[in-house]
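Chemist: The residues making up each chain are set out below.
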Amino acid sequence: MAWMSAIFAFILYLIVHISIFRAFQPKERFRTLKTLFFSFLPVVFVGSALLPLALSESVLNIESFPFISGSTLEYLNAIGLSIFLFFGYCTFYSLVDRSVSVRVHTELTQIKNQPLTFKKLLAHYQPNQATERRFSHMIDRGYLEKRDDRFYLTQKGGVLATRVSALKKFLNLGIGG
Amino acid sequence: MISSTFSALIVFVTFLMLHSLVFHFLKITQRVRWMAILLGVCLFLLFFLLPFFRSLNIEEKISKTSQTGLLSLAVFTFIWFGYLQFYFIIERGISPRFLIHFLEAGKRGLTLQEANTLYPFEDVLSRRVDQMVASNLLEELSTPSGKYLKNSKKGQWMGKVFGGLKGFLQLGNGG
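As they're listed, the protein sequences go chains A and B.
Each residue of the first sequence is one higher than the one before, starting from 107 at the first, in the working numbering.
Each residue of the second sequence is one higher than the one before, starting from 30 at the first, in the working numbering.
Please keep in mind that the hints were generated in silico from the structure rather than gathered at the bench.
Every value quoted in this text rests on a predicted model; they were computed, and no experiment measured them.
Careful, some of the hints might be misleading.
As the list claims (entries may be wrong) - Some but not every residue of chain B turned toward chain A, in silico, with C-beta under 10 angstroms:
#: 1; residue: Ala37
#: 2; residue: Leu55
#: 3; residue: Leu113
#: 4; residue: Phe131
#: 5; residue: Thr140
Idealized CB from N, CA, C, for every residue including glycine.
Put together the whole structure using the sequences plus the hints.
Modeler: Here it is in structure tokens:
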């Protein structure tokens, strides 16, 4: 029941988030996502108490299904939670490993926080290396291939690029990057 | 249900420790694949942890409503974190942006230089710097010789923490 109410709440969250992004094109997008998330927390808590009353337990209460034993359900629950914790950690890990902003902070810390002009910061960053690193990741994952000095989209990369482009348009995110 | 929540937390803590040790002591190149493998290995711990927590009878000490409420909040939060990961890739990912330029270029493809002209790294950095100044993570100092950037106190703290983590996990400069 807990999973069901969380999933219902998240679907509702997605609907509200998509509607806001399509209708208002908010400038501070992450702040909007965060505010929406915190305003949904009480909904989730109250929903988890009300959902069992609102739904017919004999129809939708997965815990009463004869083919799933309580023990199996506990294992599924623990596996699900571990995987979600892992996804949460992946967000943090990507920030540490790949974020441009984090790299700026660490570069400035390494030079004892001496003030830098934008041009010097850019030179510190070595822009060509940043692009080459991204291309090499995309080649490793099979999205790009290199022939002579040119890079080409693979079929897999083409499918991904089409989906990304459609999502960006749908959510009014601009070209981004 | 609370037994499975505790077991999941211990699996995750074990994963974190293993991941830190492996990344610190070995030079891993396929990092995401290794993280997924380590998680898979840690999930086997559930066969020992769940029976152990069940034997402690914690379920009976906490009301069912509180258990369901807490678990719903946890699941919702984790789904949200997963969605954030997806959202940031779509919104801010540099690679997805390049993929779109490749899609527009079609069969003729792009050289590194052409890609850099279509999407100059200077633009990426400039947009990130603007966002960091707006979030008080960077300070912009205006002097007669021009504008200078430095870490704010919050930014300096982030630089130290993330720099330390990058060093410990052997992630290189990254970014």
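Chemist: Could you check if Phe131 (chain B) really has its C-beta closer than 10 angstroms to a C-beta on chain A?
Modeler: Since the shortest Cβ distance to chain A is 4 angstroms, the answer is holds.
Chemist: Against chain A, run the beta carbon of Thr140 (chain B) and see if the smallest gap drops under 10 angstroms.
Modeler: This interface hint holds because 5 angstroms falls under the 10 angstroms limit.
Chemist: Is the hint on Leu55 (chain B) kept, meaning its closest Cβ partner in chain A is under 10 angstroms away?
Modeler: violated, 16 angstroms
Chemist: Taking the closest Cβ pair, is Ala37 (chain B) under 10 angstroms from chain A?
Modeler: Interface hint status for Ala37 (chain B): holds (3 angstroms vs cutoff 10 angstroms).
Chemist: Minimum Cβ distance from Leu113 (chain B) to chain A below 10 angstroms?
Modeler: At about 5 angstroms, which falls below the 10 angstroms cut-off, the nearest Cβ of chain A leaves the hint on Leu113 (chain B) intact, so it holds.
The structure shown violates just one earlier hint, number 2.
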